[in-house]
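Engineer: Spelled out, the chains give:
2 protein chains.
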Amino acid sequence: MSKTTDIPALAVKVQTGDRRALARAITLVESGRADHRDQALALLSALGHTKEALRIGLSGTPGVGKSTFIESFGLMLTAMGKRVAVLAVDPSSARSGGSILGDKTRMEQLARDPNAFIRPSPSQTQLGGVARHTREAVAVCEAAGFDVVLIETVGVGQSETVVAQMADLFVLLLAPAGGDELQGVKRGIMEMADLILVNKADGDLKAQATRTCADYAGALRLLRKRAQDPEGFPKALTISALEVEGLQTAWEEMATLASWRQNAGARAQTRQEQARYWFAEDVRHGLLQLLQDDPAHVARLQQAETAVAAGLKTPTLAAAEVLDPIRRRLQ
Amino acid sequence: MSKTTDIPALAVKVQTGDRRALARAITLVESGRADHRDQALALLSALGHTKEALRIGLSGTPGVGKSTFIESFGLMLTAMGKRVAVLAVDPSSARSGGSILGDKTRMEQLARDPNAFIRPSPSQTQLGGVARHTREAVAVCEAAGFDVVLIETVGVGQSETVVAQMADLFVLLLAPAGGDELQGVKRGIMEMADLILVNKADGDLKAQATRTCADYAGALRLLRKRAQDPEGFPKALTISALEVEGLQTAWEEMATLASWRQNAGARAQTRQEQARYWFAEDVRHGLLQLLQDDPAHVARLQQAETAVAAGLKTPTLAAAEVLDPIRRRLQ
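First to last, the protein sequences are chains Y and E.
In this text, residue positions in the first sequence follow my numbering: the first is 22, and each later residue adds one.
In this text, residue positions in the second sequence follow my numbering: the first is 22, and each later residue adds one.
Calculated from the structure, these hints are not laboratory results.
Don't be surprised by glycine CBs; every beta carbon is placed ideally from N, CA and C.
There may be inaccurate statements among the hints.
Label pairs and their calculated CB-CB ranges [to be verified]:
1) G239(Y) <-> P346(E): 26 to 34 Å
2) A100(E) <-> Q352(Y): 49 to 57 Å
3) P29(Y) <-> G286(E): 33 to 41 Å
4) A317(E) <-> Q324(Y): 27 to 35 Å
5) G224(E) <-> Q324(Y): 53 to 61 Å
The following residues of chain E were derived to be distant from chain Y, with all beta-carbon distances above 12 Å [stated by the list, open to error]:
6) R41
7) A132
8) H306
Next up, chain Y with everything else stripped away, as it sits in the complex (with noise of 0.2 Å):
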């Protein structure tokens, strides 16, 4: 992308829904040149406040039948005549070398289809830059008037907080297990989840995802409500993603926990927590990076942490020390 990139022009143009504009836009704000970071600050800035989208965090570990799932769900949305963006927050994407979406062949009709615009995870070995790009990306796909925005991640914990942190929904999608097998879900997972749906309910597993969906529904029921929600949530419902049963049951749920928290201004409160969240995760994670950049600063804090780590100082007085000469230079 050239530096003289018309920024107004390619705003506008993003407004208007046009297409290879979105993908340049989204282009810009996940690259990591300091120009093009100038560029798409000016970029979000002039595609300012625009009309919300319904943002859908979408959680779910390999071999749950998650791409059959955006693939069959994307279609019924855009059958419905909504516009539907999928993004994707995968923070091993920049060591896999590929996300989980750049195989879009995997949802090949949904690619294809002029209602749905799928990207991939940008390649980041930090989450934090993945979160932030994606966050931007989000915004883009909300000015260029999508109705839904999928953002979906992996389940490894981690990136399940960012997503969190982004969407209006949480839904996690999960297979049918046995007993044993239902320790798999990773700690504090199923605590973010406003939804969770057992997939694969079709065939020799339907049974086995009743069982399933039962116990998660019993074990929903231990966990406090969230304000505001309406009784019933968090639910477990069945799916099958492959035969296409459950999925409008589902969006129904979602639609019903949406405009619900909307109308109790739960989500307008929601997405203002999560702007101050993002601001002091961007301001501490930018100050730490200048840090980061000074050389002499990166020795002394290794060092600490070895000794730390070691026992022979205590993290405050070691913090004590790696913060001295930084309190004078700020002085």
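Got chain Y; can you put chain E on it based on the hints?
Structural biologist: Leaving out everything else, chain E in the frame of chain Y:
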């Protein structure tokens, strides 16, 4: 505490188990005064890397009988010849003007026991401050040769994370409850528990306690077991702190898990990770503190946050603007 405190002498007295010296040492590490902070850091270095106590994190919402449990459990341990220190992390203590442990009459016998030491939570407006001071109090207690350090907190969520990050084991104390009340467990807290103790398994509540325990045991089975832990953990047990029932078994479970982790090298590893965690936290917190001391920065920060919350600026853009002057000063 005078500026002329003889730190080396105080350290020696603490190490020889002088209770008044211990109390003074903890007062010193809890003090917010800059000159006290320097003395506290000197004291911690003088105490050095000493004997390791078993650090047990304990959480329970008001009304579950936490004080009664600590009294009965503590007296059982001292009767076994163990020296027990009880510390509290209570972020509310600053507001309520007195910690949950402030009223020692609630554990009258234990408070009088020469082999026990009970310390209320330091009054701090910030949980971060409470955390640092409690962490240092734990170190002082280990230097004083205690066998068990019980770190208790109220069931408010964030403070549990803090306690879990300074404990070898995390115990969650719950009361018998009917189906719906079970929702009372705060999201995420159950996930930290190595052991859930359902208290009040006595009199009319005994049957209900057994049912509640079974419910939680079922919920715990849905959670992935921690690596390196023996089969069956996390566990749920019923106890009666009042009738001193099941406390022996609870202690045996804790001891089993603790020694298993120690033999597996998991405890040393956890403590290293905790030390790294707190070091990073102290650096982050100290860094932000440095900036909090700069009125111009604070004003910029608040202005930016307002704009972000109002949706007038993206978090990224606002953060970049706030960090710009700091970048210049650090260069």
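Engineer: Each hint should be assessed against the structure and marked as holding or not.
Structural biologist: For each hint, the structure was consulted:
1. G239(Y) <-> P346(E): 26 to 34 Å: For P346(E) against G239(Y), whose Cβ atoms are near 54 Å apart, the range 26 to 34 Å is violated.
2. A100(E) <-> Q352(Y): 49 to 57 Å: holds, 55 Å
3. P29(Y) <-> G286(E): 33 to 41 Å: violated, 60 Å
4. A317(E) <-> Q324(Y): 27 to 35 Å: holds, 32 Å
5. G224(E) <-> Q324(Y): 53 to 61 Å: At 59 Å between Cβs, range holds.
6. R41: Given that every Cβ of chain Y is farther than 12 Å from that of R41(E), nearest at about 23 Å, it holds.
7. A132: holds, 28 Å
8. H306: violated, 8 Å
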